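Trainee: Given only the sequences and the hints, what does the whole structure look like? Please build it.
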Amino acid sequence: MIYWQLFLAFFRIGIFGFGGGPTMVPLFYTECVKKYKWVTDEDFSDNLALGNALPGPIGTKLAAYIGYRVKGWKGALVANIAVVMPIVLVMIGLLQVIYQWKDAPGVYGMIQAIGPVIAVMTGVLTWEFLSKGWKGASSKAGVSLSLALSLVALLFLDWHPGIVVGIALTVSFAYSTWSVRKRKDKDGKEGVA
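So in numbering that gives the first Met the number 0 the end of the sequence shown lands on 192, straight run, no missing numbers.
It is worth saying that the hints were derived from the structure and are not from the lab. Note that the structure is a prediction, hence the values are computed from the model and not measured. Where is the CB? At the ideal position from N, CA and C, for every residue including glycine. Treat the hints with care, since some could be wrong.
To be verified - Quick list of simulated restraints, FRET-style, between CB atoms:
1. 133 x 181: 21 to 29 Å
2. 73 x 139: 39 to 47 Å
3. 56 x 149: 20 to 28 Å
4. 110 x 158: 55 to 63 Å
5. 134 x 103: 45 to 53 Å
As the list claims (entries may be wrong) - Below, a list of computed lysine-lysine pairs in the BS3-like style, where the Cα atoms sit at most 30 Å apart:
6. 131 x 181
7. 73 x 36
8. 131 x 34
9. 70 x 33
10. 183 x 33
11. 139 x 181
12. 70 x 60
13. 134 x 60
14. 131 x 60
15. 70 x 131
16. 134 x 33
17. 131 x 183
18. 181 x 134
19. 36 x 134
20. 139 x 185
21. 60 x 33
22. 34 x 181
23. 34 x 60
24. 183 x 36
25. 73 x 33
26. 60 x 36
27. 36 x 70
28. 183 x 134
29. 139 x 183
30. 36 x 139
31. 60 x 73
32. 33 x 131
Mentor: Here it is, written out as structure tokens:
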């Protein structure tokens with residue numbers, strides 16, 4: 000039963016994820032966090048950040064991660080097959096038709112109309128992540144500085160988003176390790192005195 004749910008959820012994501020990774024992320028969130036509750040908000044956002052730092056399409060990485068969390072290697076395989084299958088079927092079945100009719104006004108209009116929908120879906124998900132991150136942050140100044148530095152790196156220095164995410168993960172890991180050690184040293188000294 001759970002394999003069937005995995006297959007259906009990821010197949011739906013594959014069907015409705017028009018345009019690739021950025022459009023699939025809100026669908027992953029809806030299916031895996033809100034509907035089936037296979038992962039928590041925190042797990043999802045952590046693995047989305049990690050997935051963006053790794054090479055390759057985000058859809059297959061998220062499918063593999065969530066499928067693995069739910070049912071191990073078999074779950075990862077089912078989720079990946081399901082998320083890729085609609086894309087493969089459509090490409091095989093409709094490639095000639097799309098190529099033949101790509102300049103028709105109706106087809107061109109449909110393709111142009113989907114852009115704003117994708118932008119709104121991505122914007123809403125970004126706002127939800129920022130709101131949750133801001134509420135859960137122990138240091139509002141740290142979050143603000145991280146956001147400002149990320150924007151500068153992406154917009155003005157034209158750094159690749161993967162590099163920015165990788166740096167953010169490294170700095171966050173180093174800071175959290177340092178703060179845990181500092182807390183342990185403080186607790187150890189207070190216990191001795």
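Trainee: Each hint should be assessed against the structure and marked as holding or not.
Mentor: Evaluation of the provided hints:
Under the hint 21 to 29 Å, the C-beta atoms of residue 133 and residue 181, about 24 Å apart, fit the expected range. Distance hint for residue 73 and residue 139: a CB-CB separation of about 43 Å, consistent with the stated range 39 to 47 Å. For residue 56 and residue 149, the hinted distance range of 20 to 28 Å is satisfied, since their beta carbons lie about 22 Å from each other. Between residue 110 and residue 158 the C-beta distance comes to about 30 Å, which lies outside the given range of 55 to 63 Å.
A hinted range of 45 to 53 Å for the beta carbons of residue 134 and residue 103 is consistent with their spacing of about 48 Å. Annotation: proposed proximity of residue 131 to residue 181 holds, straight-line Cα distance about 26 Å (limit 30 Å). With a CA separation close to 19 Å, the supplied pair residue 73 and residue 36 stays within the 30 Å bound. In summary, the hint linking residue 131 to residue 34 is supported, as the alpha carbons are separated by about 19 Å, within the 30 Å threshold.
Of the supplied pair hints, the one linking residue 70 and residue 33 holds, its CA atoms being roughly 18 Å apart against a limit of 30 Å. A threshold of 30 Å between alpha carbons decides the hint, and for residue 183 with residue 33 the separation of about 37 Å lies outside it, so the pair is violated. At roughly 20 Å between alpha-carbon atoms, residue 139 and residue 181 fall within 30 Å of each other, so this suggested pair holds. The hinted pair formed by residue 70 and residue 60 meets the criterion: a straight-line CA distance of about 15 Å does not exceed 30 Å.
Only pairs whose Cα atoms come within 30 Å are accepted, and residue 134 paired with residue 60 is accepted, the gap being roughly 27 Å. The suggested pairing of residue 131 with residue 60 holds, with an alpha-carbon distance near 23 Å, which does not exceed 30 Å. Proximity of residue 70 to residue 131 is assessed by CA-CA distance (about 28 Å); at most 30 Å being required, the pair is judged to hold. For a cut-off of 30 Å, the pair hint linking residue 134 to residue 33 stands: about 19 Å separates their Cα positions.
For the hint pairing residue 131 with residue 183, the CA-to-CA distance comes to about 28 Å; that is within 30 Å, so the pair holds. Taking the CA atoms of residue 181 and residue 134, the gap is near 24 Å; set against the 30 Å cutoff, the hint holds. Distance restraint check for residue 36 and residue 134: the Cα-Cα separation of roughly 21 Å lies within the 30 Å cut-off, and the hinted pair is therefore satisfied. At roughly 23 Å between alpha-carbon atoms, residue 139 and residue 185 fall within 30 Å of each other, so this suggested pair holds.
Our distance criterion of 30 Å between C-alpha atoms is met by residue 60 and residue 33, whose separation comes to about 19 Å. Distance hint between residue 34 and residue 181 is unfulfilled; the C-alpha atoms sit about 40 Å from each other, more than 30 Å. Simply put, residue 34 and residue 60 have alpha-carbon atoms about 20 Å apart, close enough for the 30 Å limit, and the pair holds. As the CA atoms of residue 183 and residue 36 are separated by approximately 34 Å, the hinted pair breaks the 30 Å bound.
Restraint check: the Cα-Cα separation between residue 73 and residue 33 comes to about 23 Å, which is no more than 30 Å; the hinted pair holds. A distance of roughly 18 Å separates the Cα atoms of residue 60 and residue 36; the hinted pair therefore holds under the 30 Å criterion. Of the supplied pair hints, the one linking residue 36 and residue 70 holds, its CA atoms being roughly 14 Å apart against a limit of 30 Å. Taking the CA atoms of residue 183 and residue 134, the gap is near 25 Å; set against the 30 Å cutoff, the hint holds.
Between the alpha carbons of residue 139 and residue 183 the distance comes to roughly 23 Å, so the proposed pair stays at or under 30 Å and holds. Between residue 36 and residue 139, the direct Cα distance comes to roughly 29 Å. Compliance with the 30 Å bound is thereby established for this hinted pair. Distance restraint check for residue 60 and residue 73: the Cα-Cα separation of roughly 15 Å lies within the 30 Å cut-off, and the hinted pair is therefore satisfied. The hinted pair formed by residue 33 and residue 131 meets the criterion: a straight-line CA distance of about 15 Å does not exceed 30 Å.
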